[in-house]
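Q: Given next are the chains, with one letter for each unit.
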Amino acid sequence: MTQKHVGRRMTRTEDPRLLTGQALFVDDVQMPGMLHAAFLRSDYAHARLVSIDVSAARERPGVVAVFTAEDMGDDWKHGPPLVSPPPTVEDIVFHSRTHVPLVKDKVRHAGEPLAIVIAESRYIAEDAVEDIWVELEPLEAVVDLEKALDPGAPLVHDDLESNLAAHLVQEKGDYEAAKAQADLVVKRRIYIDRGAAGAMENRGIVAHWDVRAQQLTLWDTTQAPIPIRNGLAAMFGLSSHQVRVIAPFVGGGFGPKIMMYYPEEVLLTWATLKMGRPIKWIEDRRENFFATTQERTQVHYGEMALTKEGRILGVRHDFLHDTGAYDPYGLTVPLNTQSHAMGAYDVPNYSSELKVVFTNKTIVTPVRGAGRPQGIFLAERLLDIAARELGIDRLEIRKKNLIPPDAFPYEHKIIDQAFAPLVFDSGNYLATLERAAAAIGYEKFIAEEQPRLRAEGKHVGLGIVSFVETTGVGPYEGARVTVETDGRVSVATGVGTQGQGHFTSFAQIVADQLGISPRDVRMVTGDTAEFHWGTGTFASRGSVVAANAINAAALSVRNKVLKLASKILETPEEELELADGQVRVADLPHRAIELGELAAMANPLRGAVEPGTEPGLESTDYFGPKYGATANGAHAMILEVDPETMMIEIKRYVTVEDCGTVLNPLILEGQIHGGVALGIANSYYEQLVFDENGQLLNASLADYLIPSATEIPPIEVLHEETRSPLNPLGSKGAGEAGTIPVPSLFAQALEDALQDYGLEILEMPMSPNRLFELLHEESKTP
Amino acid sequence: MNIEYPISVTVNGTRYDRDVEPRLLLSDFLRHDLGLTGTHVGCEHGVCGACTVLFNGQPVRSCLMFAVQADGQEVTTVEALGTPDDLHPIQEAFLEAHGAQCGYCTPGFFMTLVPFLEENPDPTEEEIREAIAGNLCRCTGYQHIVDAVKLAAAKLGS
Amino acid sequence: MKPAAFEYLAPTTTEEALARLAEHGWAAKVLAGGQSLVPMMNFRLAQPSVLVDINRIADLAYIEPARDGGVRIGAMTRQAQVERDPTVASRLPMIHEAMPKIAYPAVRSRGTIGGTIAHADPSAELVGASVALRARFRIGSRDRGERWVPAEEFFVGLFTTALEPDELLLEVHVPPMPAHSGWAFLEVARRHHDFALVGVAAVAALDSKGRSDGTRLVFFSVGEGPVEAHAAAAVLQGQVPTPEVIREAAETAGDADVDPQSDINASAAYRRHLVKVLGQRALAQAFLRAQGG
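Residue numbers (my numbering), protein chains in the order written: chain B, 1 to 782; chain W, 1 to 158; chain S, 1 to 293.
Everything labelled a hint here was simulated from the structure, so no lab data went into it.
Honestly, I wouldn't trust all of these hints.
Quick list of the computed label-pair ranges, beta carbon to beta carbon [what the hints assert, rightly or not]: (1) R522(B) - T12(S): 16 to 24 Å; (2) L588(B) - P84(W): 49 to 57 Å; (3) A213(B) - D17(W): 35 to 43 Å; (4) P84(W) - P175(S): 17 to 25 Å; (5) D85(W) - P175(S): 26 to 34 Å; (6) P86(S) - A702(B): 27 to 35 Å; (7) D642(B) - H180(S): 28 to 36 Å; (8) P175(S) - I446(B): 36 to 44 Å.
Keep in mind the model is a prediction, meaning the values are calculated, not measured.
For every residue, glycine included, the Cβ atom is placed at its ideal position computed from N, Cα and C.
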């Protein structure tokens, strides 16, 4: 048997095209006769649309069409809800209010589209947007999450009695009874603010209705091409086979590109169906700040009950979750928060009351982390505060409470984002934490380095936290694996790829099953003409759900290969091996047949294919997990802060990740690095700042501070590997792991660095300005 | 005001004669008029660095220049570096060190790095991070990019 | 984000440029490096009807040693060139140190000295440094000829300068550092290459007895233009710069000289605090250098 490819640090097969600028991104699509779209978007966050006059815009030379909501007639509809509320929870309140393609009566967030201009060039389209005369009557905006529920607050949706979008309670055990037994109860208000995903590529669509072929093609920067195809077909009365959605190379997803039927996707499709010409819309960076979904704002009133020895008896939190102006994505994000509010710990009692709130802000859907960073922040912060009050070392209190290795599968008795029971499948949480502590030099830092640095006047602190990441949720993904007659193997799967290295890690799996080089695997992702069953790339599920589907399909093909080769080589299957692109007799390697030759024999032009068999060496298989696999890890950092300027510098950053079987460590490290960078951004740099009118004040990359290479430190990545028992590969997802624990880690390290100030960090991000207020202003007020 | 001006620009060694409106951004000219789509556009206000190209050998933001300003000048884009079968040493280094994930920002990094490594063939990690601070990447956390630049410097130096 | 249409003029001589400006007046905007103007045009925050592109005027790009020991820099000299210039490095160490703090390499290879000065962004490094260094600007006009304006009088408000619509900034002259002087240039910025939350350019000068004499402290990003801390300078004047004196001067700067505004990155109180912190650090460093430390 040759060396396995899975687990190797293989360089990426997609890179040669990407690195030479030859990979196709949506904005690279050029078609003869293509038109260009631009949108008029509302400057107000909350306003009544009084009138709109597009006549001057229509007159401008080069403008082909201008449409408003009125022009859409009966085609104007609210978008369908993408994720329904959980059917299994009792007493749930959920008000589904989905977005519209163009504003008809009322603007509910700044940047909501009012009209679309379609012109010979984007330049002319933008000129014409300025020609549109629109009268908007501004209304008081719903901005503050807590005030939004005040009686008498202005309403985002006038037909509702309040801005409450959803209400849900989840309980495990009996928190109140546990609290009565507790030696210590810590209570804090915790606030996490909103940020942007900030993919380097903004969204974009090219839509083309080919009238003669009666075929709609959509190039779309989506993470979910198959649901887009199915949804658009249903919306516009087409057969799903008349719609082809292609997500080519996508320049970063991070969540918002999973949002479906964005107004622009619906409008471009509607317009090309009407006009029969290809139309391109490329979101610009300003639009991205208003029109692409965002995430994170929550207010928690959290409690943790403990014994004096530091054992957690229970966690309770009542929290508000900002869903923005609409709630097409259901409860995914706050359910994730609940799934992580107990962290990696054995918490016997839990109580959580969730209220989802409409505000006059951009729609909220998952952004890398997706509710998990908020949950971990709550658990880790409360535990840090409890440790301090109990006089227990923060590492020690964590060790006391981590779910022990023999407790898996660990049932939490609440539901997760996929409405399945929250079960942590496997792990060795103590090992990851101890490894991180050793790597950062916890004992030595506390005992020697920190006192020495403090004596030098330096404010240097350490943080260390544990976390879990629920990953790899269902429902399913599928793949088709085909041996071509040249001996290479084609693989098609429905998930799109946005930089995760799917082409490579999936090819490694196929290579192992079929005894070929991963370089001989031709991978197609995200093209519904190639594969049209599946959901998409989200929830850190590619390396779990799609990878196992590919593994299953490759295994089926392997079995077909063996069966046919056994007959041709007149050797029992057990004595055959697949290696070097051949099937051969294990002990007589000269008795071999090339895979390509075998593929040709499996699809003969004459003769008969035996009854009960299929032509070709091809198989389509699916994988749907019973429930999600849960990854785990621990991060540690050392940071220095200048309490005079509020500037910070991260001196060291260590991660230990356990995401089960590692398909490709090189790719995995890249995922972790990028996740940590976003976490650091969420902790110190990035914050969407809204004024009292719901106006976003920093809608540019000059003002919204995505960190550069001078802000992000080197990141050390270590691995533990506990295979998931839930899938044959034993994999768990890792896409969001890097991001999730960072805010809680940053807060702990910052408190540690500023320990003589007695500071408690209960909010994220902690900008230097906010840190200044905490250090220099609020401490002075009695 | 929509008068078009004749311009003659040498891009990657090839001379192109075109008529352009003065407001046409150099980035759009390269991508859409010349079909050189390897140069990517991320912000159109000069911060993200994805559209960086060489203008007479110096790195510039192509979204902050008008095509008409390139009349008679030389522009170099990622297409001039290597091909999938024959990568430039910097591209090779990015392949080996996994310096690209989604690959959208990557060409801009290359066009920043080509002149940087010419001027500074043996940079420290700090100098590398300073040099690429004007190129944003959301995927990598920069670690593998920094590794790739070190590797590229070694390749170019040998 | 595409700019609105404009009429494009590309003079190749200074005379021609001045003639175009005289003809078009307020309607025209000068395009130098474009690193501030073009983003504003792409956002359509600026929609000039005429753009006078001065990038083809070759004789506006030069760096020459001045007879007074300072340096003369042509307005169209690229920032990257100033950053690498040995004359600037030896004669104007503060400018040399400030250059890499301006945005990023790809911005500096296009951005010009004249452009950043004429744009007069109150956060711009060279705006603050030019006042601290007592730079003078040579300005041309077709109808009124040339005139010199000192930096202290040039910046008159937010993005506003002494330039008339028909005038063009031609040259920046930076005099040599005074005898027995030292300097410091410090910033606090969110990301390393962002505009500063607060920045300071300090020139500390000593008399023969080691007392502060004519020390200058200029803050940027704290108001509508560069802010010279006159009250702080008065505290220092004639004093031996002990840590106590320096602290008092910096406190005075924060309390009396600046009146910063709040924005999304920093409150007025935080900025005032940073003025005191940076003022103290800058003065300490500049006096140390002046003392030959």
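Q: Starting from the range 16 to 24 Å, see whether the pair R522(B) and T12(S) falls in it by beta-carbon distance.
A: This hint is violated: roughly 55 Å between Cβ atoms.
Q: Can you tell me whether the CB distance of P86(S) to A702(B) sits inside 27 to 35 Å?
A: Taking Cβ atoms as reference, P86(S) and A702(B) lie about 32 Å apart, which means the hint holds.
Q: Range hint 36 to 44 Å: satisfied by the CB atoms of P175(S) and I446(B)?
A: Given about 54 Å between the Cβ atoms, the range is violated.
Q: Does the Cβ pair A213(B), D17(W) satisfy 35 to 43 Å?
A: For A213(B) and D17(W) the Cβ distance comes to about 36 Å; the hint holds.
Q: How does the Cβ-Cβ distance of P84(W) and P175(S) compare with 17 to 25 Å: does it lie in that range?
A: violated (56 Å)
Q: Taking the Cβ atom of D85(W) and the Cβ atom of P175(S), is their distance within the range 26 to 34 Å?
A: With a Cβ separation near 58 Å, D85(W) and P175(S) fall outside 26 to 34 Å, so the hint is violated.
Q: Between the beta carbons of D642(B) and H180(S), is the distance compatible with 28 to 36 Å?
A: Cβ of D642(B) to Cβ of H180(S): about 31 Å, so the range 28 to 36 Å holds.
Q: Verify the CB-CB distance for L588(B) and P84(W) against the hinted window 49 to 57 Å.
A: Because 39 Å falls outside the window, the suggested range is violated.
The structure fails hints 1, 2, 4, 5, 8 (numbered hints given earlier, in ascending order).
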